[in-house]
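Asks: So the chains spell out like this:
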Amino acid sequence: MGRHPVYRSATVLEAKEEGRDYLDLLLREPEISQTTRPGQFLMIRAWPGVDPMLPRPFDIMQADPREQTLRLFVKVEGRGTALLKSLKPGTEVKITGPLGRPIEDFSCPSMAFLVRGAGAAAVVHLAEEARARGIGVYTILSASAASRIVCRKYLEPVSTELLIATDDGSEGYEGLASDLLDDLLRRKTVDRVYTCGSRRFARHVQRLDREGRIKGFVFLEGLMACGMGDCHGCAVQKNGQGGYFLVCRDGPHFPIAEVVL
Amino acid sequence: MGRHPVYRSATVLEAKEEGRDYLDLLLREPEISQTTRPGQFLMIRAWPGVDPMLPRPFDIMQADPREQTLRLFVKVEGRGTALLKSLKPGTEVKITGPLGRPIEDFSCPSMAFLVRGAGAAAVVHLAEEARARGIGVYTILSASAASRIVCRKYLEPVSTELLIATDDGSEGYEGLASDLLDDLLRRKTVDRVYTCGSRRFARHVQRLDREGRIKGFVFLEGLMACGMGDCHGCAVQKNGQGGYFLVCRDGPHFPIAEVVL
Amino acid sequence: MIDTSVEIAGVTLPNPVLPASGTYEVDEVHAGFFSPSELGAVINKTIFMNPRPGNPPPRIWETPCGMLNAIGIPSEGLERFLADQLPRLRSLGPPVILSIAGNSLQEWQDLAAAVDRTGSVDMVELDLSCPNLEEGFIWAADEAALSRVVASVVKVTRLPVISKLSPNVRDISEMAVVAERAGTAAVSMVNSYQGMAIDIGTRKPILGNITGGLTGPAIRPLAIHGVFTTFKKITVPIIGMGGIATWQDAVEFLLAGATAVAVGTQNFVNPLTMKEVIEGIAGYVEEAGFSSVRDIIGLAQE
Amino acid sequence: MIDTSVEIAGVTLPNPVLPASGTYEVDEVHAGFFSPSELGAVINKTIFMNPRPGNPPPRIWETPCGMLNAIGIPSEGLERFLADQLPRLRSLGPPVILSIAGNSLQEWQDLAAAVDRTGSVDMVELDLSCPNLEEGFIWAADEAALSRVVASVVKVTRLPVISKLSPNVRDISEMAVVAERAGTAAVSMVNSYQGMAIDIGTRKPILGNITGGLTGPAIRPLAIHGVFTTFKKITVPIIGMGGIATWQDAVEFLLAGATAVAVGTQNFVNPLTMKEVIEGIAGYVEEAGFSSVRDIIGLAQE
Ligand SMILES: Cc1cc2nc3c(=O)[nH]c(=O)nc-3n(C[C@H](O)[C@H](O)[C@H](O)COP(=O)(O)OP(=O)(O)OC[C@H]3O[C@@H](n4cnc5c(N)ncnc54)[C@H](O)[C@@H]3O)c2cc1C
Ligand SMILES: Cc1cc2nc3c(=O)[nH]c(=O)nc-3n(C[C@H](O)[C@H](O)[C@H](O)COP(=O)(O)OP(=O)(O)OC[C@H]3O[C@@H](n4cnc5c(N)ncnc54)[C@H](O)[C@@H]3O)c2cc1C
Ligand SMILES: Cc1cc2nc3c(=O)[nH]c(=O)nc-3n(C[C@H](O)[C@H](O)[C@H](O)COP(=O)(O)O)c2cc1C
Ligand SMILES: Cc1cc2nc3c(=O)[nH]c(=O)nc-3n(C[C@H](O)[C@H](O)[C@H](O)COP(=O)(O)O)c2cc1C
Ligand code: FES
Ligand code: FES
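Chains as they are written, first to last, in the working numbering: chain A, 1 to 261; chain B, 262 to 522; chain C, 523 to 824; chain D, 825 to 1126.
Keep in mind the hints are simulated off the structure, nothing from the lab. Wrong hints could be hidden among the right ones.
[Claimed, not checked] DMTMM-like cross-link-like pairs, simulated, lysine to aspartate or glutamate; straight-line CA separation at most 25 Å:
#: 1; chain 1: D; residue 1: Lys1028; chain 2: C; residue 2: Glu808
#: 2; chain 1: C; residue 1: Lys755; chain 2: D; residue 2: Glu852
#: 3; chain 1: C; residue 1: Lys755; chain 2: D; residue 2: Asp966
#: 4; chain 1: B; residue 1: Lys349; chain 2: A; residue 2: Glu129
#: 5; chain 1: B; residue 1: Lys499; chain 2: D; residue 2: Glu1126
#: 6; chain 1: D; residue 1: Lys1057; chain 2: D; residue 2: Asp995
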């Protein structure tokens, strides 16, 4: 029963700015840190008053059951994330989690991750678990410039190979990270690709999936009110069949063939 | 023209809790600290977001034009004041002031102040100015207990005589501070009495005023939206004549005969 | 201990707090928050006769102290609902309210009759007020339409009928009177207020459906006004809702004249809200020296 | 530099931003904020024929992202207003809008005619919508009453008439159509929404007048909806308001279809708001590559 989402207070242990746009947030919370699984997220609310009203969804980048900690990686976008940025250690915040479908299927020899920006946070827990199970982990990080590469320190230790592409060539490959993926697929047997943080990459992975070259998965984001299937606000169109998935309940990761990007 | 209210950022220099309910707040602001006069107040907003929406009114307890500081004394009542309590030095807040009618008439040999709780804050600037002009200052502080006496350190240096009454007798006179006033009026020539912070004392002063024994004045509080005569929200009934005063524009201090308490 | 029960149309609710339709699923996912058996009643998200996909995204948007939604009531359709969901709702313990919406008088009647036949439902709520349907029609915003639906549903079911009213009218209390005359056993109010938001970047309406319904604390003063003015005019009980975020807010509704209260949007913000509201109301009633929640209903009227 | 001017009924406003009636006095007290000559127009707090004291306190109450007010429009009466206030308003520079309210058709006409005779006014705004009058009557909530007032005022003045509409109706866009047919030269929307709050300590309504009007950011999505739906239906210009707190909010109203915008409650929160909104709109229009504020009016409609 421990897997049910719960609503809890968590304590901010660390709120470290990374560059001017990113925040590395470490929380102490004894329950969710035990039960969360790769692919899951939480909703967080960390301000007094009714404005902003709704909690904000974030992937659980890392969970340490022994230390009872959860680590989030946050891109500052608007009002809610700006308020997260001003958090001080010791502050109590409210979180609901773990939310979303856990990723349970690790029956593959290797996985690749094609992620951009804070999208990298979505795959860290998954990469850790894959590596722990002896699965090959190929990570491709994309960013506009070297200074915008994030989560590398979390992904490097668990990656069999970590590749970097920057738009301006300030680090790694100059150009599209999807080229690196294509190259990787030529070099290695990779049968699953997870992507997050770029619609362009998602379209690329969808194409590869359609061509039968890999099984592709995408982490979707979008506006959420509840995070657990109550509000039906986070709808994403089903591919082909018509109707909608709920990102929070049916995702946040989807077989990439099944959704309209 | 420097007396017109302005809307400015101010920096929190000090936010000291006094007991569990009070806050001594020192702000740096270069303009209002020059122009404010005894009897005036400001509106302050010190939180992000739209909730709480309205700024909150506080008397300007002290203004130091050289140090460019304003000192407020705040009783924690509800949400806005709770947020003030959590202010950290260095934080920017928004203030509008000086607001309300300044007290200009010091043509009297002595004044008495009958104040309770944070009501003491309303008369500090006035007492300072009176004392500086060589006017006798008789201060009567009322509180439920010794531990709830506030603003004494600001009033003591400027008081010719400072008396204390507590409900439980834990300091000074045990009983009604208004008894102390009556006694004072028998002992000294006091022709003006300012009261703040207790409706009971205000009624007492109104009675003394009606009997012609003193000229009484009262500082009124109440809900305010704008603090400067725009919203007509802070109405207080005129005595006798019918109609309303606006506390923010016509007050916040009134000849006690003119208002319905 | 005080008596927390209230009665709506002959049905006893163990306490006056229920979810607002469409805002809290009492399913497995929610089992970690509190037991649904603690609720005053359970209710489904409004069900239509036929399956519906709902509106295209974006479906929600946050606004000052509130949110807009244009969900469009996706529905699995009556048949699947009765088979898959109703037995679970029934098994939880509290009275079961079934929220339905029809696209025609006939459909309203068919739905109500089918619900009645299940024998597993205590009350039926008519969602006469959702402003998000493609048809663009709000039954509860038209006196004649409202009256006709309520009267025809009452004819085909023995279950007490709750009419969920729309605030998008000149005077919701008058609509409550219309519903009462047509035979409703209770009214619930308010549903969402028609609103919208525009993206100044794209210069287009934000919601896929263009307009949506405003809910959350922003609307509470309006909903309280609706309940307060309606209480004077009708004799059937009111289920009050609109922006309840804390037990204090719920007490405000009870004092205004609501016999029960529903929590909607706040469930998204804090999934423990309903439990906190149940406990808070009981504590308030006790502290105020009353022996029953029923003692405080409508007290602000005097 | 872009052209910030807009036109309402033949009157050119140097920019589209004005105070909402009853929320900002352009008097000496406000001289330290910004010069009233920077405004798009100036307007008084609604004036009645005879002096009125206003409602008993409490008159205001803060609510989530909004406030309730039941001021009751205290008024010095027309005569004193024209003598003491109007010359000052006239001297400031921007077009002068005079907000009036009558208690009878005759009074509406007398007021409008008297205002016209001064020769110092550019437009007259009919406050048909204040829900706080003791009489309890909202002209703009009744099609016939609205139509009659507008038609009779139009008859007695050559000044352009702005009808200030109430959102406490089924569909404000329909009321705008009624006002247009009756001859209004512009509509302004929205006035406040009927609301109330209850003190759970005393168990009584908080406001002295029991009910009040809700304003502030809470209502913005509702007001935007009103402007957006009205724009399609009328040809006269709309002055949009309701919850504008920032220039972004004001742009939302322009995109929805407002030709000008008014700032109300936010003046209490930040007395520089109108200046910030004027600058922000100009910056937005320029950045978006348009040459005139007029270019963005109603763009979200397409
Ligand atoms: C399952 C899931 C997992 C996620 N995980 C992560 C993660 O691990 N790390 C991470 O950084 N992010 C993650 N996100 C995204 C994150 O939730 C959002 O970035 C965050 O909610 C933004 O909140 P905010 O209050 O800062 O922005 P808001 O102010 O709410 O704005 C949200 C977005 O809307 C836009 N917006 C705001 N106001 C307007 C307006 N008036 N008109 C038009 N557009 C507007 C903003 O530009 C912004 O992009 C995740 C999202 C989901 C659904
Ligand atoms: C001119 C002027 C000068 C002032 N000077 C000072 C000063 O120097 N020092 C000082 O400490 N105070 C002063 N005050 C009072 C001060 O402004 C208020 O205490 C403050 O605004 C309270 O803000 P809040 O947000 O904490 O309380 P709020 O949450 O706004 O509550 C305000 C009051 O309403 C009550 N209240 C809140 N919610 C409800 C509800 N739902 N039902 C019933 N009642 C409710 C609270 O108990 C509280 O007393 C002054 C007031 C005025 C008008
Ligand atoms: C996302 C969402 C979905 C809703 N779906 C329904 C529904 O299916 N049927 C219904 O009668 N009301 C529905 N409502 C309205 C609520 O039941 C309730 O009347 C409204 O939200 C006001 O309460 P609140 O302010 O507490 O949310 C919905 C509201 C929201 C926010
Ligand atoms: C305190 C207060 C007083 C008001 N007085 C008037 C008035 O006298 N005449 C009028 O037409 N509108 C009056 N209004 C309504 C405003 O002009 C405006 O329509 C409304 O507040 C919505 O805008 P906002 O949300 O920006 O405040 C008043 C509003 C408030 C808050
Ligand atoms: S966020 Fe509410 S259903 Fe997904
Ligand atoms: S607080 Fe607005 S008029 Fe006094």
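Asks: Hint by hint, note whether the structure agrees.
Replies: Hint by hint, here is what the structure shows:
| no. | hint | result |
| --- | --- | --- |
| 1 | Lys1028/D / Glu808/C | holds (18 Å) |
| 2 | Lys755/C / Glu852/D | violated (48 Å) |
| 3 | Lys755/C / Asp966/D | holds (21 Å) |
| 4 | Lys349/B / Glu129/A | violated (42 Å) |
| 5 | Lys499/B / Glu1126/D | violated (55 Å) |
| 6 | Lys1057/D / Asp995/D | holds (12 Å) |
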